[in-house]
Each structure stands twice: as structure tokens, then as C-alpha cells.
Amino acid sequence: MSHRFILLKEHFTKVITPSLTGKVRGGSVLLFLLFNLISCDTYNCLLETNVACTYGFYATQRDDSGALVTGAAVAVGDTLTITALGIDTVLANRLVGQSGVSLPVSYYGDVDSLLFTFSGDDGIGRDTLYLHKENTAHLDDPSCPAHMWHRITAVHTTHHLIDTVLITEPQINYDGLENLQIYFRTAQE
Amino acid sequence: MMAWRTYRSTSARLRSSALALWLLLLSPVAAAQDTLRVEVGDTVKISLPKKVKDENRFFYGVAVGADVVGLAMKAFGSEWSLMEVMARVNLKDKYFPVFEMGLGDADHEGNDLDYRFRTRAPYFRVGIDYNFNKKHNGNRLFLGVRYGFSVFNYDLVSPTPLEDPVWHESQPFSHTSLRGSAHWGEVLLGLETRLWRFIHVGWDARIKFRITQRTDDVGPPWLVPGFGKNDTSGWGGTFKILFEL
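If you read the sequences in order, they're chains A and B.
Numbered by this note's numbering, the letters in the first sequence go through residues 1 to 189 in order.
Numbered by this note's numbering, the letters in the second sequence go through residues 1001 to 1245 in order.
Read the hints as simulated data drawn from the structure, not as lab findings.
Don't take each hint at face value.
[Said to hold, decoys possible] So, partial list: chain B residues that the calculated Cβ filter (under 10 Å) puts toward chain A:
hint, residue
1, D1042
2, N1111
3, D1114
4, F1117
5, D1164
6, P1220
By construction, the Cβ of each residue, glycine as well, lies at the ideal position given by its N, Cα and C atoms.
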């Protein structure tokens, strides 16, 4: 340590020539302070790190050619319960009047099988949705918790009440974007 | 052939004296002086003092050195260090093209969590320093720029498996040999002095800014070799010992 200060003294006595005194000397002191303050270590972990697949609910409408007309959002009138098959865990329980839902995604499975159960005055209807995906661990900083990110590769479904499923955003991460659009059969169909 | 008396004067005096000598050569009849006598037909060789020639030369030499901060950090067990050596050319004692290369080393464990970042990879920088001190006394005040790059592998690991809270599955969190690369620029202000003969010491403070960076999807590196803590910008510095050859 003392050797370092001897060297620093050499700087200020030899390098700072008479024509460079004043501003340069002040600047040198400032640089020295900055040089010794660079070891500060802070990292603020992201607060919003919920990773979930976001589903939007839409009513199926078709044009004269039979092509699907996208974008007609709808609130599901029946009571909707969504269960993860294989572990028999309820992911969403008795949703009413919802126009979308965000559901957790399995960390390591290649396919998540989700059972959509609709119960209403007309009885009970069920559909199974298969979410094919790739999984990637993600760590922003060693001081923050790790998460799993996913990329949707395909979606298959039964068609009792679900007409079509569109992948609108394959990446499932912190963004919270709508990943899937589920088009339900309507009374007209 | 005649000897030239050593001068101690400024360059202006040297130039006027040299001009006077040439006049004497062109006018042999006016050559009657106390210390200088030239006859017609004599061959006179005139050489300027060595110091003047030295100060006006283009190539002043090369220097090699090492940053002792990185070595000290490593020696004292710091979790990261940038150990580097450098070589530079001295042109007119004003322009100093520089090449720096080093080894970035880190083994960092996160706060409160078990995640760990590791890397050990080389990095390179090229650039130039400009010396503001017009006196050729070995003391220098530098303003410099650098371009740096590194291609590196890094690990993100944890001894604790990452467990799925819903499906209740877990797998080891062990991601090794992740590929990364980074390009950045630096602007530095530095001081240097001659410590003894050909040995110089100097230090500089640098502001660094990212140009581009490519990292693995698993996560960004905690430290970029040569750049320091990973961010879009940052500060750094060196404390060098140099040997001027």
C-alpha cells in the first residue's frame, strides 16, 4: 500500500509539469477517486418475472370463403376450469366472464396437456389442449432467481368447444404477451 | 575535420549557430574566428547535438508492460480479475499505438442464492494514446481510445436443482461452455512517469461502452473479459509498469 502511494506521489510531483498544474491536478485527483470507486457491485433483479402462457378467448367467425376472422374477443359465459393432466392440478378454477387467462407452464415437459372444462346451463363440455414446447433455463444474474423460458412449437386440441387455436407469440417469458388465441365455437356454428 | 563544442542552449540558438556555420563554409574568406578556422578546400562535417536529433525523431522506441491491478486482485483472492500485458510504439513521443491483451477470470457466486458464474478467457484491445506533455522528459499525460473484443465461454451453474413448483419436477441447473462474444470501445485519461531509466509507471481511468454483445439464451455473462462487469457502459482502469526499449 505504501509503495502505491509513493508511486502516486511520483505522479503528482513529476508528471504534472508547471504548465499543467491547476485543472489537471484537480482532474487527476478526481480520476484517482473514480479509479478507486469502480469496485461497487450492485444489481437490481427484475421485479416482474412471472413466466406464464397467456391465452386469449375469441369467438369464431368466418367470412364467405370460410376463412377464420380473427380478433373478435369474447368473454366465456360458462364456468371454466382448467386442469393440468398427469398431475391433476387445477390451474384455473371456476373462471366466469373471463376473456383470457395466464397459466403456468411445466419447466421440463415437452408437452403440457390441459383439460378445459366448461360447465353451464347446457351441461358440461370438455376439450384437451396439447401445448408442445421447448424449455430453456434463464438466469439474469447470479444474485437473482432462475426461471424457465419456453418456446411454443405446436398446439393440438380436441374440437368439442374449441374451434381453432392460433399461436400469436411463441416465446413465453417475462414479456406477458398473448401467446395463444383460442377461438370457441359459437351458437351460430 | 573539427570538433563541435557541446551546446546547452535552446533549439533556436542551435539553429542560428548552424546557419552561421553554413555561412562560414560558403564564405571561406570570412572564416577568421577564435575557435573556428576554415580554409578553402577543407572538408567540414557538421552534426547537430544528439539531444536535438533525438527530440525530433519519428520513432522513439517500443515499450512493453503489465497491469499490476489485475495481478494484485488475483493474488488477494478477488472473485474476478483482468490480468493483462501491453505493447506500444512511441511515435514522436506524442502518438502511442497500443496493443493490449489479457485474461479475464471470474468465479462469482450470487448473493443469498447458489447460482455461480465462471469464465476464463482472453481479450484483446487496440488503440492509440496521445501525449499532451510537449517536454520529452518521460512524463506523459495521455488521452486515448481503445477498441476491445473478446470471444469467450462461460458457465452458469448451481449445486441446487431448479424445481418446478407446479409439476414438481427438478433438474440440475448446470449450463457450461455457454458461448459469448463482446465488442466495446474505451476512452481513457492517464498519467505516466519515468521511475528509473527505462522503467515507467502509469495509471489510467477508462470509460467503457458496449458496441455489440452476443450471449447465450440461458443468461448474460456476469463479467465480460476485458470489459469488466457486464453492462452497457462501465468504468475501469489500469496501473501499469512499463519497460521502454
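Taking the hints in turn, this is what the structure says about them:
With a cut of 10 Å, the hint placing D1042 of chain B at the interface with chain A is violated, because the nearest CB-to-CB distance is about 44 Å. Below 10 Å, beta-carbon pairs count as interface contacts, and N1111 of chain B has one with chain A at about 4 Å; its hint therefore holds. The beta carbon of D1114 of chain B is positioned within 10 Å of a beta carbon in chain A (closest approach about 9 Å), and the interface hint is therefore held. Taking 10 Å as the C-beta cut-off, the interface hint given for F1117 of chain B holds, the closest approach to chain A being about 5 Å.
Because the smallest distance between the Cβ of D1164 of chain B and any Cβ of chain A comes to about 4 Å, under 10 Å, the interface hint for this residue holds. The restraint placing P1220 of chain B at the interface with chain A holds, with a minimum CB-CB distance near 7 Å, inside the 10 Å limit.
Checked against the numbered hints above, the structure breaks only hint 1 and satisfies the rest.
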